[in-house]
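K.L.:
Chain by chain, the residues run as shown.
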Amino acid sequence: MAQKILLKNINVPGINTFEVYRQYGGYAAVEKALKTMSADDVVEEVKKSGLRGRGGAGFPTGMKWSFLAKPEGVPRYLVCNADESEPGTFKDRYLMTHTPHTLIEGMIVSSFALGANTSYIYVRGEMMPQIRILEKAIAEAKNAGFLGKNILGTGYDLEIYVQPGGGAYICGEETALLESLEGKRGNPRIKPPFPAIAGLYGCPTVVNNVESIAAVSWIVNNGGDEYAKIGIGRSTGTKLISASGNINKPGVYEIELGLSVEEFIYSDEYCGGIANGKRLKAVVAGGSSVPILPANLILKLSNGQPRLMSYESLAEGGFATGTMLGSGGFIVMDEDACIVRNTWNFSRFYHHESCGQCSPCREGTGWMEKVLHRIEYGHGKMSDIDLLVDVSKKIEGNTICPLGDAAAWPVASAIRHFRDEFEWHVNNPQAAMDGNYGLANYADPIPVVEEAN
Amino acid sequence: MSEKVKVTIDNIEIEVDPGTTILNAARMIGGDIVPPAMCYYSKLKGSGGKCRTCLVKVSQGSAKDPRPMPKLVASCRTTVMDGMVVQNITSPEVIEARKGVVEFLLINHPLDCPVCDQAGECHLQDLSFEHGKDQSRYEFKRRTFEMVDIGDKIKLHMNRCILCYRCVFTADQITDNRVHGILGRGDASEIGTYISKAIDNDFSGNVIDVCPVGALTDKTFRFKNRVWFTKPVNAHCDCEKCSGKVTLWYKGEEVIRVTGRKDQYGELEEFICNTCRFDKKKTSDWTIEGPTKVDRRSVVSSNHYDEKELLPVIDRKIF
Numbered sequence: 001m002a003q004k005i006l007l008k009n010i011n012v013p014g015i016n017t018f019e020v021y022r023q024y025g026g027y028a029a030v031e032k033a034l035k036t037m038s039a040d041d042v043v044e045e046v047k048k049s050g051l052r053g054r055g056g057a058g059f060p061t062g063m064k065w066s067f068l069a070k071p072e073g074v075p076r077y078l079v080c081n082a083d084e085s086e087p088g089t090f091k092d093r094y095l096m097t098h099t100p101h102t103l104i105e106g107m108i109v110s111s112f113a114l115g116a117n118t119s120y121i122y123v124r125g126e127m128m129p130q131i132r133i134l135e136k137a138i139a140e141a142k143n144a145g146f147l148g149k150n151i152l153g154t155g156y157d158l159e160i161y162v163q164p165g166g167g168a169y170i171c172g173e174e175t176a177l178l179e180s181l182e183g184k185r186g187n188p189r190i191k192p193p194f195p196a197i198a199g200l201y202g203c204p205t206v207v208n209n210v211e212s213i214a215a216v217s218w219i220v221n222n223g224g225d226e227y228a229k230i231g232i233g234r235s236t237g238t239k240l241i242s243a244s245g246n247i248n249k250p251g252v253y254e255i256e257l258g259l260s261v262e263e264f265i266y267s268d269e270y271c272g273g274i275a276n277g278k279r280l281k282a283v284v285a286g287g288s289s290v291p292i293l294p295a296n297l298i299l300k301l302s303n304g305q306p307r308l309m310s311y312e313s314l315a316e317g318g319f320a321t322g323t324m325l326g327s328g329g330f331i332v333m334d335e336d337a338c339i340v341r342n343t344w345n346f347s348r349f350y351h352h353e354s355c356g357q358c359s360p361c362r363e364g365t366g367w368m369e370k371v372l373h374r375i376e377y378g379h380g381k382m383s384d385i386d387l388l389v390d391v392s393k394k395i396e397g398n399t400i401c402p403l404g405d406a407a408a409w410p411v412a413s414a415i416r417h418f419r420d421e422f423e424w425h426v427n428n429p430q431a432a433m434d435g436n437y438g439l440a441n442y443a444d445p446i447p448v449v450e451e452a453n
Numbered sequence: 001m002s003e004k005v006k007v008t009i010d011n012i013e014i015e016v017d018p019g020t021t022i023l024n025a026a027r028m029i030g031g032d033i034v035p036p037a038m039c040y041y042s043k044l045k046g047s048g049g050k051c052r053t054c055l056v057k058v059s060q061g062s063a064k065d066p067r068p069m070p071k072l073v074a075s076c077r078t079t080v081m082d083g084m085v086v087q088n089i090t091s092p093e094v095i096e097a098r099k100g101v102v103e104f105l106l107i108n109h110p111l112d113c114p115v116c117d118q119a120g121e122c123h124l125q126d127l128s129f130e131h132g133k134d135q136s137r138y139e140f141k142r143r144t145f146e147m148v149d150i151g152d153k154i155k156l157h158m159n160r161c162i163l164c165y166r167c168v169f170t171a172d173q174i175t176d177n178r179v180h181g182i183l184g185r186g187d188a189s190e191i192g193t194y195i196s197k198a199i200d201n202d203f204s205g206n207v208i209d210v211c212p213v214g215a216l217t218d219k220t221f222r223f224k225n226r227v228w229f230t231k232p233v234n235a236h237c238d239c240e241k242c243s244g245k246v247t248l249w250y251k252g253e254e255v256i257r258v259t260g261r262k263d264q265y266g267e268l269e270e271f272i273c274n275t276c277r278f279d280k281k282k283t284s285d286w287t288i289e290g291p292t293k294v295d296r297r298s299v300v301s302s303n304h305y306d307e308k309e310l311l312p313v314i315d316r317k318i319f
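Line by line, the protein sequences are chains A and B. Under full-length UniProt numbering, think of the first position of the first sequence as 1, with each following residue one higher. Under full-length UniProt numbering, think of the first position of the second sequence as 1, with each following residue one higher.
Just chain B, with the same shape it has in the complex (with noise of 0.2 Å):
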């Protein structure tokens, strides 16, 4: 099975290979046609189907079958067939869908952005910024837990969560001895270790990185900081553990923390183990590749001082 397939997103057609989802078909296009995802991660075997903020309409199954597909598809685990067409953005019913889902990701959401530390490069955010409605139906109260520490390094604040399962798929697949996973049922579940056991493992502080949201945050930055307030700077050194490759948050003079370094999607291009992430917050353990290069949408870029775009000039005569 060599033969590419050919799939129609949005009216623009492309080849790739048999077994790519529709999520990363999309992907290889890029733009605005790429839907969101919360909770699938590329990297992580399993993951995805579980937030349906991707949900797109397969109008054409595939040229053998070309009947459409009854109901919307989470495109991050629905792979592509030739001849298929799907509709993203260009299908009102897809919009409606995932303002939906927006909605309904929001309604147990605290709105505590402004002390927030994942604030500014939260995906939710960026989703509901993007896809959501501006103002909430939901008029009850939200479901509240305790802040909890799993780790002497790691804060779960799990009123924030929206159980996308990354966390828990990294841990399953990236350290060995999960022990945090999901506890109960329906909005009552909660991200947890049995009988609070702490996490202990070299590989555990990616799960902050994956985590979308401000759920499961670093204690090492809490409240140091607005993301937006510090640069963003690649770097790497040599490790034993892992490929040293991070992104270094500078404040000043001062390295205020340390996480891998993620793709336009956010997500993590190599995972880092605990010592490169925790211990080594001096400019003298890395050596310095250059800044990180950040959308300029994002609003990490605002003080950014490389892809800054100048200021319009304005010709003051007209006033």
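Chain A on its own, in the form it takes in the complex (with noise of 0.2 Å):
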């Protein structure tokens, strides 16, 4: 049995109460943290623990907190990125649903390293019984003392908010979410400057995701060397997966970073195999930005090892045979996936969702979600599969904020892996139409065709 860390309590009755949670030993970490160590040790215990960002990015959290700039009566902001509105995530909700002090915890704790009077949770507007979830949890542990004026006598001032966002996915983007939070239009800010140094308001800010924050507070109640041991190499500690698609038991898992992709997919404990008795065709591992990789690449690596969650195993082999952990959207797809219409409700997610800023993403997601919609629906032609690549191309890298990457790679890369499934709708318009292609020679390694251009 894995070592489960954020979801260890989950299955108590009463967990989203202040009394159940105290009961089990919740908010030792804020009696620790304010009592007996100074901010810097707190930070010191979250660059030890090698957390790394849980929002898709992977960056470690301890790092990102040392960059925070310090200037002598300026204030600073910790704020939660809870707008989660990837395609196939949706761990945070579950986290805040259910045990919403584990949240309020880690912000406390949070923004005390950080020098923070004031936090936000930017909640994303369609999660509105999460954000009366929270807002009674704030109320309960302000009740409790642990949060307000002096929290526990230490003359420690928090104030933690909780901020509906309109529900768009670009507020993910942390400058987006900022822009959002002090009420403007969502749109990404031009970096540099970093929020780091001038984020919301102009002030120094800290935007986290809900899994980072909810597990400092173990780290500062078993140290930060003992979260290390978890996982494997600089992947570090627990993760929330949320398995969806064609599996026998999706829901959200919490597993610790190295097992392995085929036991994650397979073995009983989580995802219970393949719904139906059908066959893997294709993964995305990450939610729905990241690479999606057919069943070899995604339970071998090229050299024939197994491949493991975690932020370096399924990164290997780079954009060519890899993909990324990201924000833990674990979408099965069995053989009766098609992968043409499951790239262009993907695409069409995107376009739907560019904020319209730079005009790369803006253009370009339309017409690659139109060119995949004629291709599904039997009018493509043969050229439309380089165009598409090429679109993605000219998108990747060339936008202000990563919507336009993550709007590029699911195309690219389901070209790149199942390009004779798009040939094969080219060819035979009526019978994509009727059928779908099956799984075809993807279970089994194929060569992997790198494009011109």
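Among the clues, some could well be false.
Stated by the list, open to error - Within a straight-line C-alpha distance of at most 25 Å, the following computed BS3-like cross-link-like pairs (lysine-lysine) qualify:
{"no.": "1", "chain 1": "A", "residue 1": "Lys300", "chain 2": "A", "residue 2": "Lys278"}
{"no.": "2", "chain 1": "B", "residue 1": "Lys43", "chain 2": "A", "residue 2": "Lys184"}
{"no.": "3", "chain 1": "A", "residue 1": "Lys191", "chain 2": "A", "residue 2": "Lys393"}
{"no.": "4", "chain 1": "A", "residue 1": "Lys191", "chain 2": "B", "residue 2": "Lys197"}
{"no.": "5", "chain 1": "B", "residue 1": "Lys45", "chain 2": "A", "residue 2": "Lys191"}
{"no.": "6", "chain 1": "A", "residue 1": "Lys393", "chain 2": "B", "residue 2": "Lys141"}
{"no.": "7", "chain 1": "B", "residue 1": "Lys141", "chain 2": "A", "residue 2": "Lys381"}
Claimed, not checked - Label-pair ranges, simulated between beta-carbon atoms:
{"no.": "8", "chain 1": "A", "residue 1": "Asn428", "chain 2": "B", "residue 2": "Ala63", "range": "54 to 60 Å"}
{"no.": "9", "chain 1": "A", "residue 1": "Ala320", "chain 2": "B", "residue 2": "Pro92", "range": "21 to 27 Å"}
{"no.": "10", "chain 1": "A", "residue 1": "Ala57", "chain 2": "B", "residue 2": "Asp152", "range": "48 to 54 Å"}
None of these hints come from the bench; they were simulated from the model. Please read these numbers as outputs of a predicted model, since none were measured by experiment. Where is the CB? At the ideal position from N, CA and C, for every residue including glycine.
Hey, can you piece these two chains together into the complex? The hints should help.
P.N.:
Below is the structure:
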């Protein structure tokens, strides 16, 4: 049984209330940090733990905290990014619904470490129940003296506010989130300056994912070294994975990083294998924006070793044969899934969610969606496939924020690994409308084709 | 920080003040190495970074940290560092990326140049002529909007807009009580006023001049004439609100349009007020200074009496 950190007490009845959470050892980290540690000690522990941002990029949290500028007389802010909108990712919502106090506790400790007296939780607008749950949890914590003025008599003041967003995917990008939090249009800012220098209201700001912040309290309780022992290599600790798709047991699972992908998909403890006795075709390993991988590449590395659920192992092989851990939205597709339709669906999402600020993303996402729609509905041309590759290359890396990359990668990778399925769609439009391509040869190793351009 | 920093753009070295952007450093050098800019406007704070036509490659970040930047950067918003090496037209990667951006800008832009008032002084025309491909691979319907009057003097033709945000910055910084901005998201976003509110401000006409394309046009000039049939003349007047320095566009004896004076990058030298722009359309209102200098490559110069080159003398004997 793997170690659970965030979801340890998830099945305890009433864990969403303050009393039960406190009985099970909750808010010990606040007491420990505020009474016995200095702010720098907490940052040091988080650095030692090797905790990496759980929102998608995987940037070390401790490092991010140490970059925070600390000018005199200027307030600093901690902003929790709960604008979880990546298709296939629903871990933060789960965490906030069932153990909201885990997040509040982490927020108090993290705010203390950063010297922030005001912190915000930016929640996606669609998550209205979670907003209520968090506000109730904050009220309970405040009632018990863990929030407000002079927390536990230590002289440290903190207020946490919950701010609902409008439900835009782009507001999950940290600078767009800050713009939205300031009450402006959620357009990403041009970096530099980074939020650590000039973030919310021009003040130094740290933006962290819900899961990263929630993990901080365990790190403070048990020490960074203990946390670093869990996991593998530079991927330390546990990660919440939102498993969805054609599997027997979809849901949110907490895994120790370093678990093999094969075990995660097939073991009864986790996904429980592919539903209805079908075979695995493809996996999107980290939310819709990461490259899709066919079965042979997701289960095995190019050297024949099993692929592991860790930042490094999933990225092994670069974009030619690898993918990314991303935000942990694990989407499994069986032999009945149509890759073209799936790619079109993702593309449609990015078209809809592009903010429209910079031209490659604004125009390119819509273009890709239209071409994919054409292929999916049997009006495609052979040249469309190369066109898609070219358009995705023109978007990738040329935009202000990573949404352009996120829109380009699924399309580019789907064509890279499933080009024959796209060609089949073009050549057999009627058959593509009636049925689907099936498993073909993806279960077996196929040579990786690198396209021109 | 008064020390100059040294930056190399396309193998040309220049020393500039710290804090200068790559684009402005390139403009100091001048010539072909200046990246095109559709959204950057030196007089507007916060503009730039959106259109991505000014992308350049930084092959050496600075003297201290010589690593190249991982991605192409927007030169209008990236400040120079000492020892920075920038590649613009010497980098095939940049040229390719710019071609892509031009193609993206054009996929939703209507091909109505023959009836567009901006034709001839349109930045997008110049850009696609210089950096674009000769064909579009886009085979779908373009987005369309209804034309809107914002105020009684300005026409908004949203189909042509490339969402550079210049007019939004102008309205925000030059006029008070901004009422127009961006509505919607993605390629459905549009410039608009809240519930068709009219723009009523003394300096609102400047949004026409900052617009790089024909999305915002002067209703007093619409369909009057092509710009290359008109003659630009610098003039000034005593104006209480603005500097009064303008360009008059003559057709014969008649002033058919008044605009602000633009520099070689198409940027206004000074913003002018609406009274000068829309109401003073008689020669007697103005003190004429002389013909406006027009770039010889510009189509406007085709009818210009001053800078016109003499036709080559053809020796008829050789035929």
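K.L.:
Would you say the C-beta atoms of Ala320 of chain A and Pro92 of chain B sit inside 21 to 27 Å of each other?
P.N.:
For Pro92 of chain B against Ala320 of chain A, whose Cβ atoms are near 22 Å apart, the range 21 to 27 Å holds.
K.L.:
Is Lys300 of chain A close enough to Lys278 of chain A, meaning Cα to Cα at most 25 Å?
P.N.:
holds, 19 Å
K.L.:
Given the hint that Lys43 of chain B pairs with Lys184 of chain A, does the C-alpha gap stay at or below 25 Å?
P.N.:
holds, 23 Å
K.L.:
Regarding the pair Lys191 of chain A and Lys393 of chain A, is the alpha-carbon distance no greater than 25 Å?
P.N.:
holds, 22 Å
K.L.:
Are the Cα positions of Lys393 of chain A and Lys141 of chain B separated by 25 Å at most?
P.N.:
holds, 23 Å
K.L.:
Compare the distance between the alpha carbons of Lys141 of chain B and Lys381 of chain A with 25 Å, and conclude whether the hinted pair is satisfied.
P.N.:
holds, 17 Å
K.L.:
Does the hinted range 48 to 54 Å hold for Ala57 of chain A and Asp152 of chain B at CB?
P.N.:
holds, 50 Å
K.L.:
Check the hint pairing Lys45 of chain B with Lys191 of chain A against an upper bound of 25 Å on the C-alpha distance.
P.N.:
Satisfied, since the Cα-Cα distance of roughly 15 Å is no more than 25 Å.
K.L.:
Between Lys191 of chain A and Lys197 of chain B, is the straight-line Cα distance small enough, at 25 Å or below?
P.N.:
Violated, at about 34 Å.
K.L.:
At the C-beta level, are Asn428 of chain A and Ala63 of chain B separated by a distance inside 54 to 60 Å?
P.N.:
Distance hint for Asn428 of chain A, Ala63 of chain B holds at roughly 59 Å.
Hint 4 from the list above is the single one not met by this structure.
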